[in-house]
Amino acid sequence: MYKKIKSIEELFAEDGYTVFSHDDEAVEDKGREGLGDAEKELIDHLKYLVDNQNLSGHVITERTEKIPDKETDMTTFKQKVEDRYDIPTIVEFLNWHMNRISENVIDRDEIVRQAFFAILTGEHMLLLSRTGMAKSFLTNYIFHTFQGARIFSSQASKDQTPDNYFGPYNIDEFKKGRIRHNVRGSIIEANLVFLDEFFDASDVVLRSLLSVLNERKFINGQEQIDAAVHTAIATANYMRMNEVTEAVLDRFTYKSIIPENHHVYSQLLIDHTYAFTMGEPVYTEKKIYFDQILYLHNIIKNKNKEIKVEIPDFTYFMKNVIVNKFVSEMRKSDYNFFISPRKQAKLGDFLRAYALINNRLEVTLDDIKDMHLALCTLNSYVSVKAKDKSEKDVFLDAYQQTMTHFKVTGAIQQIEFLLNVRKIFQELRENPDKRDQILERKNFIEGILSLLKKILPGRNRGDEPLTIENLRRNVVELNPAVEEVSELKEGILKDYRDIH
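Residue numbers (this note's numbering): 53 to 552.
Hints listed in this document are in silico derivations from the structure and should not be mistaken for laboratory results. Careful, some of the hints might be misleading.
[Said to hold, decoys possible] Derived Cβ-Cβ restraints for the label pairs, each shown as a range:
no.	residue 1	residue 2	range
1	Asp488	Asp138	40 to 46 Å
2	Lys355	Ser263	19 to 25 Å
3	Arg487	Glu358	28 to 34 Å
4	Asp138	Leu471	33 to 39 Å
5	Lys398	Leu471	20 to 26 Å
6	Tyr387	Ser254	26 to 32 Å
7	Ser254	Lys384	32 to 38 Å
8	Glu482	Asp159	50 to 56 Å
9	Thr416	Glu241	36 to 42 Å
10	Arg182	Glu482	53 to 59 Å
11	Arg136	Gln478	35 to 41 Å
12	Asp159	Lys506	45 to 51 Å
13	His324	Ser263	42 to 48 Å
[What the hints assert, rightly or not] Distance condition first, Cα-Cα at most 27 Å in a straight line; then the derived DSSO-like pairs of lysine-lysine:
no.	residue 1	residue 2
14	Lys459	Lys384
15	Lys475	Lys377
16	Lys360	Lys475
17	Lys459	Lys444
18	Lys441	Lys384
19	Lys339	Lys355
20	Lys357	Lys269
21	Lys355	Lys421
22	Lys395	Lys357
23	Lys486	Lys541
24	Lys486	Lys475
25	Lys475	Lys421
26	Lys384	Lys444
27	Lys541	Lys506
28	Lys398	Lys353
29	Lys441	Lys459
30	Lys395	Lys444
31	Lys441	Lys395
32	Lys421	Lys441
33	Lys421	Lys384
34	Lys421	Lys459
35	Lys395	Lys360
36	Lys269	Lys395
Even for Gly, the Cβ is constructed at its ideal location relative to N, Cα and C.
Turn these sequences into a full structure, and let the hints guide you.
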């Protein structure tokens, strides 16, 4: 087995590739003689992938630069094993890459951040602009940040069929009367997908992409295959709207328009960048392992059993309040403006990713302010009171006005009180035998009593015992400061009317 692998190594080495086997026999100590520390570390890394992701066969690295009298640079693989899944280390590297790309793709800072959040959350992104605005340049820059990700790229045209994306029919299977696709090298096997000139694709192709983009499944009659697609970035020079494209667009949580830039200093920076790169992305050898991204992704999606990013109920509540305010403001200029419940729920993933990228395991209320990266179409403008404002500006205005109004009216304290009462009611429903212990937790109860003094100062004595009856009475007597508090109050009284 080892001799066979050596011949493969020699064959690919001539073209500048490095081949490692994760076959158990090939990674025995005697098969590792003559390998450097970096190569040994990569073999260990590949073995980890096999054990955890059921991979098989050989793994071939991307082509590495061969320079006379210089050993192949293996910088990518020299990261310490103990740091590979260290969150602060990965986050620091991610931020470094975001800054690096932003420095080389001028005035695209927010779009770069948006793309990285799309990848962290496993969502899709749509980039719109006129021709020649470096959409493909930016996408390639971002995708080639990652080591070990399979990339699929396609430039759409109206003459394409689904086979261009899902692979041709398997002739041998077809002769047996079964319709099967040869999916090797197709979109189904890719982790990162680049769909250029997206709206040039026919409705048939777009409809066939729906299940792959959303459910990560290729469904063609009896042929059903799980797709490896993690994130797709689609680019287009225009938008066309019909029932099919509207459904497809809803699968793109992140959207941006790349604006024209007539700022002379920015144009100067673009000239310098072009002179240095000649319009080609500058790929770094200091890449991020894609399995590190998957590690963060699992935390963000609450799939990691040991590490959780918490979102307090108060933050969830205010997230939805501010989204509703934003939608109301947008409908003043576009009455058809719509945020689907699916997208609104997925904003929680963005908030967890935002906290994680800032080295926190709890989302704060301030994080909502940057939610425009996932909620808004960046650089999209609407007419508000005869003035053009970006969707981002409309969102930030809604955020600021809502927070100010809720603080001045006392709605913040009312929401905190009601959510704490709901928490107690929920615990009592789940653990009725622990009623006394739940009602006697000192710090928690003191917090509720403190809130009661603020929102009902004339009706509560400090020595009054906290009972279910008292809590329910205080909820009933609470006079909502805003409509959202009224809805919260009604919902709690309805949902927990059986708690006594």
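| query | So which of the earlier hints does this model not fit? | reply | Per hint list: zero violations.
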